[in-house]
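Engineer: Chain residues, written in single-letter form:
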Amino acid sequence: DAMVIQNPRYQVTQFGKPVTLSCSQTLNHNVMYWYQQKSSQAPKLLFHYYDKDFNNEADTPDNFQSRRPNTSFCFLDIRSPGLGDAAMYLCATSSHSGGGETQYFGPGTRLLVL
Amino acid sequence: DQQVKQNSPSLSVQEGRISILNCDYTNSMFDYFLWYKKYPAEGPTFLISISSIKDKNEDGRFTVFLNKSAKHLSLHIVPSQPGDSAVYFCAASASTGGFKTIFGAGTRLFVKA
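In order, the protein sequences belong to chains A and B. The working numbering puts the first sequence at residues 1 to 114. The working numbering puts the second sequence at residues 115 to 227.
By construction, these hints were calculated from the structure, which means they are not laboratory data. Take these hints with a grain of salt, some might be off.
[Claimed, not checked] Below, simulated BS3-like cross-link-like pairs (lysine-lysine); rule was C-alpha separation at most 25 Å, straight line:
| id | chain 1 | residue 1 | chain 2 | residue 2 |
| --- | --- | --- | --- | --- |
| 1 | B | K151 | B | K182 |
| 2 | A | K38 | B | K119 |
| 3 | B | K151 | A | K44 |
| 4 | B | K119 | A | K52 |
| 5 | B | K214 | A | K44 |
| 6 | B | K119 | A | K44 |
| 7 | B | K185 | A | K44 |
| 8 | A | K38 | B | K214 |
| 9 | B | K119 | B | K170 |
Note that the coordinates shown come from a computational prediction; the quantities given were computed from them, not determined experimentally.
All chains, please: the whole structure from these sequences, using the hints.
Structural biologist: Written out as structure tokens, the structure is:
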């Protein structure tokens, strides 16, 4: 089955210690997204890639970076995690962007910062 | 600034009855609306959508109604089943202006057997 896979499902890191979250897709979609979702809040878009074109949201902290080495994989790097970065991180894909696209989500990685 | 609001954090409904989940938006540029359903330990999955040129879209037990003048949409589930128990996210996007999809905070639906 075509899908969006996120590893690991749970990640524990220490305050200030860099951490990388991974996402892969077998849908061959052009667009990949990273969302941050805190408890009982709406998923918040951090950035997205259309192919290799990187689109950063204006309010995404510099502490968050992303890499997309190929169509299938996308990584979220948190350079110096703070306690406020503890959240669920959702990866999603879509075949196109620009409005009205259906997004396909992975199961998420829950990040705990100690 | 919450452009998409789901004011009810949770809703409890008896099996077989109707579930109505509500969503309000503020940006008049939004012209496409989606509902996603999320089970625990899974990512959200697409459920149903509606374009602003319509006021109703139906798919089996699920119907979405759009009231553009009130900037309000609702998802009706009839009849509700225990397997419908999940978190439902409303989302909105615009086909022009490069708007990203904006999600609401979700409503947790409990369907009691």
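Engineer: Hint by hint, note whether the structure agrees.
Structural biologist: Verification of the supplied hints:
1. B:K151 with B:K182: holds, 23 Å
2. A:K38 with B:K119: Holds, because 16 Å separates the two Cα atoms, which is no more than 25 Å.
3. B:K151 with A:K44: Holds, because 17 Å separates the two Cα atoms, which is no more than 25 Å.
4. B:K119 with A:K52: With Cα atoms ~32 Å apart, B:K119 and A:K52 exceed 25 Å; violated.
5. B:K214 with A:K44: holds, 10 Å
6. B:K119 with A:K44: holds, 13 Å
7. B:K185 with A:K44: holds, 21 Å
8. A:K38 with B:K214: Within the cut-off at roughly 19 Å; holds.
9. B:K119 with B:K170: holds, 20 Å
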